[in-house]
Amino acid sequence: MIEQLASKVNANPGLVRRGRCLSTEFLIEIGERTFHVTVDQGRIAGVEEGPFIMRAWSFAIRAPETVWEKFWQPHPDPGFQDIFAMNRFGHCRVEGDINVLLSHLRYVKDVLATPRRPRIGDNSDD
Amino acid sequence: MIELEPIVGRYLTLSIAGRDHRIYFEEAGQGTPLVCLHTAGAHSSQFRHLMCDPAVTDRFRVVAFDLPWHGKSTPPLGWQDEEYLLTSDFYVAVVIAFLDALELDKPVVMGCSMGGRVVIRLAIEHSQRMQAVIGLEGSDRPAPWYDNSWTNHPDFVNGDFCVGLVSGLCAPQSPDEFRWETLWHYYQGGTGVFKGDMHFFRTDSDYTANSAGIDTALCPVYLMTGEYDYSCTPEATIRTADRIPGAEAIIMKEVGHFPMSENPAAFRVYLLPVLDSIQARI
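Going down the list, the sequences are from chains B and L.
Under my numbering, think of the first position of the first sequence as 3, with each following residue one higher.
Under my numbering, think of the first position of the second sequence as 1068, with each following residue one higher.
In case anyone wonders, no lab produced these hints; they're calculated from the structure.
Some hints here could point you the wrong way.
As the list claims (entries may be wrong) - Partial chain L-side listing against chain B, Cβ under 10 Å, derived: (1) HIS1116; (2) CYS1119; (3) PRO1121.
As the list claims (entries may be wrong) - Capping the alpha-carbon separation at 30 Å, the derived lysine-lysine pairs in DSS-like fashion look like this: (4) LYS10(B) - LYS111(B); (5) LYS111(B) - LYS1173(L); (6) LYS1320(L) - LYS72(B); (7) LYS1173(L) - LYS1139(L); (8) LYS72(B) - LYS111(B); (9) LYS10(B) - LYS72(B).
Where a beta carbon is used, it is the ideal one built from N, C-alpha and C, also for glycine.
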């Protein structure tokens, strides 16, 4: 699923436009595997798999592989439909500079949910 | 010929604690008053589907108003120099003033989220004048799921942040059309209004000391919560119902934090039997 992140986000002009004020790097941890995501003005400029040696990042979202599999189901079970739900129930950990996440919250949540379906934001206000 | 919806909107002015508040409300139907209280940062449009459902409006007069600062209600004179903070006392005073103004006799009061919280206090203090209360996504105590410092984050006043914060509270099964309309209400909120509502919801609405005293024979209490709600969790709702002798907890499948607006078809399956049982007592 994560392999499709860049192509799916970059093919969604509404999502790229919403993230146009964000350029940052963040981590998605899927079990033992760590992925470093580079965002450049809303486009995903790169998704690189670790391990990394002191690579810089702003925030990280860490969860076991089974949790991400549930999160990316078309209709996730209760508690797995959103990173805040997963955080509240202890399924994932959100770490680092929370301010970057909060300032671009809808964009980041939509990016993370992008592997769930072909295009995020269908029927949205975009 | 265009078909008009049965919803009609009006304005009135309530005087609360010596201050005038111009209030917008809309209604449809006839019968027992069913007064609906919207969620934090939103407005009365959340109940529009209920007002267009003959299974409800044939027997209930469904009335929903926008709290001061919300929707089409006007903030009070001098608002530009103050910070909006909703308190428990003010919230109850607005509801009671509204019931008085429209002379609503023995209404059912149904609120969602912070509205589902305040109906607990209404049942504690005003059970004599209520037919019943229905708390949607309601509980009798705050249960924060994010850090208090977030409310001081500069983005907390922005619609895009508010939508990002609450978007996951909708169930994945809810139709896109209604999910995004529900979230649009959060884009519409005035700057800082959702944040001001959080003062009530997070810090000024712990009713656990008194909720056990509600006389549910006089004023039945129904608590209906969606299984996808991680703000007011099903467990929090059940614990609240356990504290209130006679209260009924109903957990709704494939529904989130905004049942009446995110998935009206799923919601009515659960609501209609509750309205049946309330009507049977009248």
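Checked hints:
1. The criterion of a C-beta within 10 Å of any C-beta in chain B is not met by HIS1116(L), whose closest approach is roughly 17 Å, and the hint is violated.
2. For the restraint placing CYS1119(L) at the interface with chain B, the shortest Cβ-Cβ distance is roughly 21 Å, beyond the 10 Å limit, so the hint is violated.
3. The criterion of a C-beta within 10 Å of any C-beta in chain B is not met by PRO1121(L), whose closest approach is roughly 27 Å, and the hint is violated.
4. Straight-line distance between C-alpha atoms of LYS10(B) and LYS111(B) comes to about 14 Å, which keeps the hinted pair within the 30 Å bound.
5. The hinted pair formed by LYS111(B) and LYS1173(L) fails the criterion: a straight-line CA distance of about 44 Å is larger than 30 Å.
6. This hinted pair checks out: LYS1320(L) and LYS72(B) have alpha carbons roughly 18 Å apart, not beyond 30 Å.
7. Proximity of LYS1173(L) to LYS1139(L) is assessed by CA-CA distance (about 26 Å); at most 30 Å being required, the pair is judged to hold.
8. The hinted pair formed by LYS72(B) and LYS111(B) meets the criterion: a straight-line CA distance of about 15 Å does not exceed 30 Å.
9. Proposed proximity of LYS10(B) and LYS72(B) is supported: the alpha carbons are some 19 Å apart, at most 30 Å.
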